Amino acid sequence: MERPLTKNIRAGEEPLWLRDYEAAGGYQSVRKALGSMAPTEVQQVVKDSNLRGRGGAGFPTGVKWSVVPTGEDAPRQRYLVANADEMEPGTFKDRWLLEGDPHQLVEGMIVAAYAIQAETAYIFIRGEYVLASERLSRAIGEAREAGFLGRNILGSGFNLELLLHRSVGRYMCGEESALLNSLEGKRATPRARPPFPQVSGLWGMPTIVNNAETLCNVPHIITNGAEWYKGLSLSTDGGTKIYGVSGHVKRPGAWELPMGITVRELLEEHAGGMAEGYQFRGVQPGGASTDFLTSDHLDVKMDYGSVQAAGSRLGTGTMIVLDDRTCPVGMMHNLEQFFAQESCGWCTPCREGLPWVRDMLSALEEGHGEPGDLDILAEQCRRLGPGHTFCALAPGAVEPLQSALKYYWEDFERHIREKRCPWR
Amino acid sequence: MLTDEERREIEAELAHYGGRKQAVGIEAMRVVQRHRGWVSDEALRDVGELLEMTPAELDSTATFYNLIYRKPVGRHVILVCNSVSCWIMGYEGIRVELSRRLGIELGETTPDGRFTLLPVVCLGCCDHAPAMMIGDDLHQDLTPERLDEILASYP
Numbered sequence: 117m118e119r120p121l122t123k124n125i126r127a128g129e130e131p132l133w134l135r136d137y138e139a140a141g142g143y144q145s146v147r148k149a150l151g152s153m154a155p156t157e158v159q160q161v162v163k164d165s166n167l168r169g170r171g172g173a174g175f176p177t178g179v180k181w182s183v184v185p186t187g188e189d190a191p192r193q194r195y196l197v198a199n200a201d202e203m204e205p206g207t208f209k210d211r212w213l214l215e216g217d218p219h220q221l222v223e224g225m226i227v228a229a230y231a232i233q234a235e236t237a238y239i240f241i242r243g244e245y246v247l248a249s250e251r252l253s254r255a256i257g258e259a260r261e262a263g264f265l266g267r268n269i270l271g272s273g274f275n276l277e278l279l280l281h282r283s284v285g286r287y288m289c290g291e292e293s294a295l296l297n298s299l300e301g302k303r304a305t306p307r308a309r310p311p312f313p314q315v316s317g318l319w320g321m322p323t324i325v326n327n328a329e330t331l332c333n334v335p336h337i338i339t340n341g342a343e344w345y346k347g348l349s350l351s352t353d354g355g356t357k358i359y360g361v362s363g364h365v366k367r368p369g370a371w372e373l374p375m376g377i378t379v380r381e382l383l384e385e386h387a388g389g390m391a392e393g394y395q396f397r398g399v400q401p402g403g404a405s406t407d408f409l410t411s412d413h414l415d416v417k418m419d420y421g422s423v424q425a426a427g428s429r430l431g432t433g434t435m436i437v438l439d440d441r442t443c444p445v446g447m448m449h450n451l452e453q454f455f456a457q458e459s460c461g462w463c464t465p466c467r468e469g470l471p472w473v474r475d476m477l478s479a480l481e482e483g484h485g486e487p488g489d490l491d492i493l494a495e496q497c498r499r500l501g502p503g504h505t506f507c508a509l510a511p512g513a514v515e516p517l518q519s520a521l522k523y524y525w526e527d528f529e530r531h532i533r534e535k536r537c538p539w540r
Numbered sequence: 032m033l034t035d036e037e038r039r040e041i042e043a044e045l046a047h048y049g050g051r052k053q054a055v056g057i058e059a060m061r062v063v064q065r066h067r068g069w070v071s072d073e074a075l076r077d078v079g080e081l082l083e084m085t086p087a088e089l090d091s092t093a094t095f096y097n098l099i100y101r102k103p104v105g106r107h108v109i110l111v112c113n114s115v116s117c118w119i120m121g122y123e124g125i126r127v128e129l130s131r132r133l134g135i136e137l138g139e140t141t142p143d144g145r146f147t148l149l150p151v152v153c154l155g156c157c158d159h160a161p162a163m164m165i166g167d168d169l170h171q172d173l174t175p176e177r178l179d180e181i182l183a184s185y186p
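Chains as they are written, first to last, in the working numbering: chain S, 117 to 540; chain A, 32 to 186.
To be clear, the hints were calculated from the coordinates, so they are not data collected in a lab. Mixed in with the good hints there might be a few duds.
[Claimed, not checked] Quick look at which bits of chain S chain A covers, simulated, 3 or more residues with Cβ under 8 Å:
no.	segment
1	176-187
2	301-314
3	364-373
Since the structure is predicted, the reported quantities are computational estimates derived from the model, not experimental observations. Quick reminder that beta carbons are idealized off the backbone N, C-alpha and C, glycines included.
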C-alpha cells in the first residue's frame, strides 16, 4: 500500500536532504503548480481530494482556502502559517513528519502559499521540538539556495519568504486564533470570530493556518491528482492518515495507514493488542480532548464521520488506551489538571470551571467524594460544552469527562461509596 | 544592560516580523534566556527599552509561557512530562525517583545549581513514554533504573 507521507522516512537515519529528496520525486508539485496551474486550480484540486484538516477539527482544507478574499480590492499581503505546535496530550504524529521529512512540509507550504497567493509563510513550531526545528531550518536554507523560496520562484513571478518561528510553550498556541496572537508577540488568548483568520488574521491580513500534517499531504495531491488521493482511502475522506497508539499495548507507535481503518485493526494488528497482563477498557481515539470509545466500538472506522457517529471525534488520530489496571478517575484527574493548567484564563467558564472539575476529581481520588459530586461534574460538562466558551479548549476538556461518566459511572460511584480509590 | 550580541540577535529578528517590535518581544526574552539562563526584572526592562514595550506588557507574556523562566534556574533544566500517556506509563515513579536522587521537589533547583526540576506538558513522544527533556535533549522510555546514567552525563 502507498505511504506518500512517510515513504522518505527511515527510522534512526537522517532525513532526505535536498538532492536525495528531489531524486525521490520531491518538489515536482512546486514545478507543476507554479509552472502550469493557476492558484484557483490548485485550490480546486485540493477541494476535490477531500483533504480534511489534520489538526483535530477536520475542516475541508480546500474550502478553508477558498474563503481567502481574492479580487482587486482584496488585501495584497496574505500569510500562510503551518501549525506545528503539537501539544495535544497523546499526540505524536507531527513530530514524526517534521523530524523525518522536513522538505515535505516546505514543499507543501510553497504550493499552499501559491494557492492562496501568500508571499510570507511561517512554520509555528513548539519550542520543545528542537531536532525538528534544526532540520526544518536546514531544509528551508536548502530550498532557498535552490530557488524554491525567495523572489520569482522558478521564473513564475511568485515570491515566497518562509520563516521558522519557535514557540515558547503553551497548549493554547495550537488554537488557530490564539496562535496568531502568539505570533504577534502577545499572550495566546483566542479571538472572537467572525472575522475568521482567512479574512482578518495575522496583523489583520488574510491568513490561512493549517496543521503540519495537512500541509504535508498537499505535494502528493498536486503531483498525483485528487482521484489518486481519494483512492488511497477506505472512506469518503481522502488520503492516508498518520495514526498512533499509546498506553499499555504491546507495540505503542505511529503508522501511516489508509484513512478509515478500524479501531480494532489499529489496536490489534498494528499496536499488537494489550500488553501482557492488561485488559482493554476503552480508548480516546484522537487525543486527550476526545470522548472515550469502548469495546463496543472496535469496528468503528477511524474517519471523521464514522467516529463522530459513534459519539466521539477522530481528532488527531492518535489513540490513548485505558487499561483495567489504570483508574479511570485518576486518568480523568490527570486530563483535567492538564486542561485547567493550560486554560489561558480569558473566559470565565473555562478559567473557573476547569479547576473546579479538577479539584472534584482530586477529592474523589483521595476518598473525599460526596454523593451528588457526579451530578455536579455532569452539569459542568453541559456548562463547558460547545457554544458556552470563547474557544474549544473547555468543550474539549469535558469530552473525555462526559464519556467517562457515561461508561465508567460505577467506577466513580465506588470512589464515593468506598471513600478511596479502589485501584490503589 | 543588554550585551552587544544580545542586542544584535534581537534586532536580527525584527526583519522576520516586518519590523514589528511587539512581535519580537517573546523572541527577545528567549535570546536573553539563551545567554543568561533566565529573564530577570532588569533584563525585562532592558528588552522593553529596546523594543519600546513596557515591563508590564513583556511580563504578561513572559509569565504566560511555560518555557520562559522568570526565576534563576540551574545549569540543566529537567522537564519531565506529566501528561496522560506518560502518566499511564509510569510518570509518578519517574518523578518520585528524580526527586529522591536530586533531593528536590518539582519547581526547585539543587543547592549546587546543577539541576532544576520542572513538570512539562505532553512532549509528543507518547509511544516512548515516560519521557523527559534535559536542556535540548529528549530522553524517552524512561525507567527509574536508567535515571542515574542519564543524570550523570550532565555536569
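Right, here's what the structure says about each hint:
For a cut-off of 8 Å, the count of residues in the segment 176-187 of chain S with a CB near a CB of chain A stands at 0, and the three-residue condition is violated. Evaluation of the coverage hint for the segment 301-314 of chain S: fulfilled, as 4 residues show C-beta separations to chain A shorter than 8 Å, against a requirement of three. Figure legend: the segment 364-373 of chain S, annotated as covered by chain A; annotation consistent (4 residues with Cβ-Cβ distances under 8 Å, at least 3 required).
The structure fails to meet hint 1 from the earlier list, while all remaining hints are met.
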